[in-house]
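Visitor: Generate coordinates for the entire structure from the input sequences, incorporating the hints supplied.
Number of protein chains: 2
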Amino acid sequence: MRQAGRYLPEYRAVRANYSFLELCRTPDAACEVTLQPVEILGVDAAILFSDILLICDSMGCPLVLDDGGPQFPTPVRTRADVDALIVPDPEEKLGYVMEAVRKIKRSLDGKVPLIGFSGAPWTLAAYMIEGKTSRSFEKAKALLLSDEKLAEALLSKITDSIILYLNAQLAAGAQALQIFDSWAGALSPEDYAKLGAPWIERVIAGLKRDPVNPQPVIVFGVETGELLAPLSRTGADVVGVDWRVPLSVARTRVGPKVALQGNLDPTSLFLPHDILAARVQHVLREAKAAGGGHIFNLGHGITPAAPVEAARALVEFVHRGLT
Amino acid sequence: MRQAGRYLPEYRAVRANYSFLELCRTPDAACEVTLQPVEILGVDAAILFSDILLICDSMGCPLVLDDGGPQFPTPVRTRADVDALIVPDPEEKLGYVMEAVRKIKRSLDGKVPLIGFSGAPWTLAAYMIEGKTSRSFEKAKALLLSDEKLAEALLSKITDSIILYLNAQLAAGAQALQIFDSWAGALSPEDYAKLGAPWIERVIAGLKRDPVNPQPVIVFGVETGELLAPLSRTGADVVGVDWRVPLSVARTRVGPKVALQGNLDPTSLFLPHDILAARVQHVLREAKAAGGGHIFNLGHGITPAAPVEAARALVEFVHRGLT
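Those sequence lines, one after another, are chains H and V.
Quick note: the first sequence uses our numbering, first residue 1, plus one each step.
Quick note: the second sequence uses our numbering, first residue 1, plus one each step.
No wet-lab data here; the hints were simulated from the structure.
Idealized CB from N, CA, C, for every residue including glycine.
Fair warning: there could be bad hints in the mix.
[To be verified] So, partial list: chain V residues that the calculated Cβ filter (under 8 Å) puts toward chain H:
| hint | residue |
| --- | --- |
| 1 | 188 |
| 2 | 243 |
| 3 | 271 |
Guide: This is the structure:
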């Protein structure tokens with residue numbers, strides 16, 4: 001999950017000097033907020049501060065971020081729109097991200113690993129077609145499910161762009177990668193088998209990872225209960241699980257080989273610390289019952305009103321382990 | 001699902017003369033829009049036009065509906081707030097609903113059955129505490145999960161109110177009841193076992209149904225993949241399934257005795273009719289594979305931009321059956 005954010009006063013202090021996009025595009029500032037959760041909370045990894053939609057902008061679909069959330073004023077709606085998109089050279093168009101990765105790596109100095117990331121093809125396509133966030137993504141589904149050739153062309157272009165982008169992050173020093181399929185849950189399993197999982201598989205197959213110590217790849221989405229099996233077959237090393245699916249159940253769907261990540265309900269941070277501690281124990285017990293690898297995490301992003309003290313206590317409870 | 005709505009020009013024409021709440025509170029108008037989908041689409045049942053939050057207002061938590069969605073300006077946040085709520089006499093406080101039920105029954109004249117409905121206790125509690133809709137319902141979860149006695153008191157009062165309300169709908173002539181736990185998916189299975197399912201069970205146990213031909217009870221929520229088993233044990237006759245869970249999978253969780261309802265992705269209405277027809281066939285095949293009872297429906301509510309022609313075609317495709 002993104003760890004830096006509005007719940008941190010230190011983040012808000014930096015953010016006061018930049019618009020959100022400026023913050024993403026200013027490597028020193030992006031570096032500073034990336035490091036904040038490591039220093040303030042004591043988490044075991046840093047996750048690059050950025051936005052999944054920057055790559056869409058660099059493909060030629062201009063991104064606007066204001067109080068109404070991310071928007072694409074010229075959404076992708078036709079084959080001509082798809083053909084006009086480019087597969088960008090990431091160093092040229094998103095060089096500030098790789099510069100941030102290099103700065104963060106130097107600052108971290110091996111203390112904790114740095115996780116790079118990208119949106120997944122379906123999620124990026126959904127945003128670019130819809131033009132804004134949505135509950136149902138009906139324009140995106142209507143277009144991609146009624147025109148297979150257009151879907152293939154758009155998802156191919158996005159996939160190629162993501163591969164170059166993630167490889168550039170790896171080359172800049174990212175030690176793990178997380179692929180966010182934020183809107184996976186908008187699709188039925190049948191549609192995800194066409195528009196979702198195969199494209200993530202293609203992204204992962206295209207990564208140039210260290211042959212000796214390959215950087216792990218995490219895939220994550222919410223409302224993915226019925227998609228855990230296909231997600232586990234994408235080549236990912238880790239599958240994120242939201243709080244709706246007990247880890248022991250997730251394990252039955254994912255099989256024994258892939259690690260699980262998650263899955264504390266983020267709203268647990270609003271509970272008294274004794275209850276929060278009990279909930280951490282519950283997740284750890286579930287992870288033990290599930291067997292295989294486990295990365296403790298929230299089951300979804302941390303919310304802006306979350307108390308920092310609770311986030312700090314959470315990290316401490318996790319570090320104590322199963323008692 | 002609610003069938004009347006903004007996608008119907010005939011609905012918009014009636015709605016132009018009333019605010020949404022006025023429409024709910026004017027039996028003649030509520031009757032008119034309830035009948036529209038039966039006449040225009042040819043569906044096999046009518047579902048009462050109303051709003052799940054009216055009962056909260058009648059309990060003493062004033063409801064405001066404007067362009068920002070439903071809001072409770074004085075949300076429930078303390079034990080004193082809970083104690084101030086009443087268990088309303090439905091004929092006194094919500095008499096217009098029962099009058100609408102009686103009018104609709106007379107107008108339908110046995111042509112198709114009429115389904116009454118209510119929100120489920122958790123969903124109503126979540127709204128009343130949060131004060132408005134939410135993605136995370138963090139205030140509601142924080143309050144109910146950190147204060148068990150308050151949770152018991154609030155959910156009991158809501159449950160008692162729902163029982164009286166649904167029994168009044170049955171007495172007025174409703175021939176089936178649907179309980180909407182719209183925010184079930186905000187809760188993990190562990191939390192749903194405390195705040196969700198047991199209270200629905202208590203509602204259903206409190207219903208005064210016809211001893212010879214008991215009116216069926218349908219429970220429905222979205223993002224309920226992991227909650228289908230507990231929902232099937234509430235005493236409900238039918239469990240609604242959203243489009244994320246194939247009906248054959250839902251059947252393995254629900255067991256053989258309870259019927260399934262659903263589960264076409266509502267955005268299918270935006271696809272060309274040949275694809276829509278194929279998707280109907282897919283649901284019907286899944287239902288056949290699942291075995292047991294099945295009520296064809298969308299997997300969630302119809303969206304305002306849905307083409308009426310597609311909704312009409314959908315009903316026709318379903319009536320043709322599995323080919």
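Visitor: Work down the list of hints and note, for each, if the structure agrees.
Guide: Now for the hints, and whether the structure bears them out:
1. At about 5 Å, the closest approach between the beta carbon of residue 188 of chain V and any beta carbon in chain H falls short of 8 Å, and the interface hint on this residue holds.
2. Against a cut-off of 8 Å between C-beta atoms, the interface hint on residue 243 of chain V holds, since the closest Cβ of chain H lies about 5 Å away.
3. Given the 8 Å rule on beta carbons, the hint for residue 271 of chain V holds: about 5 Å separates it from the nearest Cβ of chain H.
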